[in-house]
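Spelled out from the first residue to the last, the chains are:
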Amino acid sequence: MKSGSNLEKVLDGGYFAVTAELGPPKGTSASVIRRKGELLKLYCDALNITDNQTAIVRMSSLGGCVLLREMGIDPVMQMVVRDRNRIAIQSDILGAVALGIKNVLCLSGDHQKFGNHPMAKGVYDIDSIQLVQTLKKMRDEKKFLCGENISGEVALYIGAAANPFADPFEYRVTRLAKKIEAGVDFIQTQAVFDVDKFSRWMDMVRDRGLDERVHILAGVIPIKSLGMARYMRDNVSGISLPDEIVTRMEDAKDVKEEGVKITIEIIDQLKEIDGVRGIHIMAVAWEEIVPAIVERAHLLPRPIL
Amino acid sequence: MIVGRQKPFEEIWDMIKDFKKVLVFGCNTCVAICHAGGGKEAEILASLLRMKASQEGLSMEVMHAAIERHCEPEFFDHVMDYVRTFDVVLSLACGVGVNFLSERIGNIPVYPGINTEFYGAVPKAGMFTELCAGCGNCILHLTGGICPVARCAKSLMNGPCGGTNNGKCEISQDVDCAWYLILERMKKLGTLEKMSEIEPPRDWSTGLHGGPRRVVLEHIADLETQKETEGS
Chain A
1 MKSGSNLEKV LDGGYFAVTA ELGPPKGTSA SVIRRKGELL KLYCDALNIT
51 DNQTAIVRMS SLGGCVLLRE MGIDPVMQMV VRDRNRIAIQ SDILGAVALG
101 IKNVLCLSGD HQKFGNHPMA KGVYDIDSIQ LVQTLKKMRD EKKFLCGENI
151 SGEVALYIGA AANPFADPFE YRVTRLAKKI EAGVDFIQTQ AVFDVDKFSR
201 WMDMVRDRGL DERVHILAGV IPIKSLGMAR YMRDNVSGIS LPDEIVTRME
251 DAKDVKEEGV KITIEIIDQL KEIDGVRGIH IMAVAWEEIV PAIVERAHLL
301 PRPIL
Chain B
1 MIVGRQKPFE EIWDMIKDFK KVLVFGCNTC VAICHAGGGK EAEILASLLR
51 MKASQEGLSM EVMHAAIERH CEPEFFDHVM DYVRTFDVVL SLACGVGVNF
101 LSERIGNIPV YPGINTEFYG AVPKAGMFTE LCAGCGNCIL HLTGGICPVA
151 RCAKSLMNGP CGGTNNGKCE ISQDVDCAWY LILERMKKLG TLEKMSEIEP
201 PRDWSTGLHG GPRRVVLEHI ADLETQKETE GS
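Order-wise, the sequence lines are chains A and B. Every letter in the first sequence is one number past the one before it in my numbering, and letter 160, counting from 1, is 160. Every letter in the second sequence is one number past the one before it in my numbering, and letter 215, counting from 1, is 215.
Chain A on its own, in the form it takes in the complex (with noise of 0.2 Å):
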């Protein structure tokens, strides 16, 4: 065991993992992740927590990974380089690991021109792929980036994120090999709607025989609205989401259901995909919905280990 947490036991264990995504408030409430949090435990076996996701100014991942701690959930810490250089990020680590925060998941975060402080000034002093190394390194050798030593255990399970639908589509499965290469340990994916293309490259992916070094859990995305799935047709960067899915909503009746039904398909498409070990939801704003999206695709009960 690298770190002993939930997340990397169920995994190991080699059971179909469920993760999902907590989205923290703009303000000081504990309430809002307490009240997330107990909704979401029994139906996940890790809960992230975004770091100022899309650059918005959001309470502390670190901060909503300790309140989670508190309520025995299994938290994966999401840090993104924008925001913080190399001294920064391995102090936050230590911080992080002291407070028992186990999991890990190195990004380097949408560009500060897509939130609410436009004008900040980005760090990108590392990158995402050097996020992998610099915690590996930390956790393996006992030993900063710059080789002094650390004390005590950085027990970590490391995470990043697999973005299958951006391009170069060839060189994605190369930068997939370089974060395995870094020390990932388990991967997220960008959400996916297409699941051939999903397919595709995890056909790619077992080619290299990767899917036996990381732990693949694909992205998922519910769509709660027409709007919602319009918008990120046409303006999310690296998502595919087919015209398909649009029409589906347009022509529903009852459009949350609708997006709750799309969810559910592509989750029973994703299980039958060899080498993919569960799925991460992406609820935006919608965590509600987690539990009866986890319970339709007859994902319950969650392991207890």
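Quick caveat, the hints were computed from the structure, so don't treat them as lab data.
Simulated coverage check for chain B against chain A, where a stretch passes if three residues somewhere in it have a Cβ under 8 Å from a Cβ of chain A:
id: 1; stretch: 149-156
id: 2; stretch: 159-167
id: 3; stretch: 170-180
id: 4; stretch: 199-213
In silico DSSO-like links for lysine-lysine, alpha-carbon gap of 27 Å or less:
id: 5; chain 1: A; residue 1: K113; chain 2: B; residue 2: K168
id: 6; chain 1: B; residue 1: K194; chain 2: A; residue 2: K137
id: 7; chain 1: A; residue 1: K271; chain 2: A; residue 2: K9
id: 8; chain 1: A; residue 1: K197; chain 2: B; residue 2: K188
id: 9; chain 1: B; residue 1: K168; chain 2: A; residue 2: K197
id: 10; chain 1: B; residue 1: K52; chain 2: B; residue 2: K20
id: 11; chain 1: A; residue 1: K136; chain 2: B; residue 2: K194
id: 12; chain 1: A; residue 1: K121; chain 2: B; residue 2: K168
With the Cβ distance kept under 8 Å, some of the chain B side facing chain A (calculated, not the full set):
id: 13; residue: L183
id: 14; residue: M195
id: 15; residue: S196
C-beta atoms are modelled at their ideal positions from N, C-alpha and C, and glycine is treated no differently.
Please arrange chain B on chain A, whose structure you already have, making use of the hints.
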């Protein structure tokens, strides 16, 4: 070359409106090429300022001048006495020129008339693009001659982030994804396999993050010292 862009007129006016004798001082090298701060621009700006002053009913003398470079002392020599007759200098040189003149001019303020943007190329008339960030630690041999420090919005070192969209950067459809360009270039060069190697964290201390930089050529500096010693 250094690319600059003239500041908005109102901003310039606010800087200089309380002075009586203003010199608009152009530089005829880089910033002249990008039509921001050469002699011609200095002349135009000076006449605009005169018009504005008369509209506002202010008595203000505005002159213009330009020299070839604002970044080497010998180019200033023949004009410094003249420059010192003004209350304020509105420099149209790049930021280097403003700093350099400020250090030499004495008790006269030197204000910037342009925003120094970047150093770039001129792919076609009227267009200027940023291609190098002057980071002091060049890796272009590893990236097909395309710089991810300057041209990737996140200065990523290990390939494109998840925001690449049809070869464009997530920040704008008008901005090429540097890593997309790098991968295409490496494909053409037959060196795509290099892209699977991990580039370790960079040493940024060679750039601005290491504090202001200075390059000293020892052999030339020594020669100068020797000359000075012999002279005295």
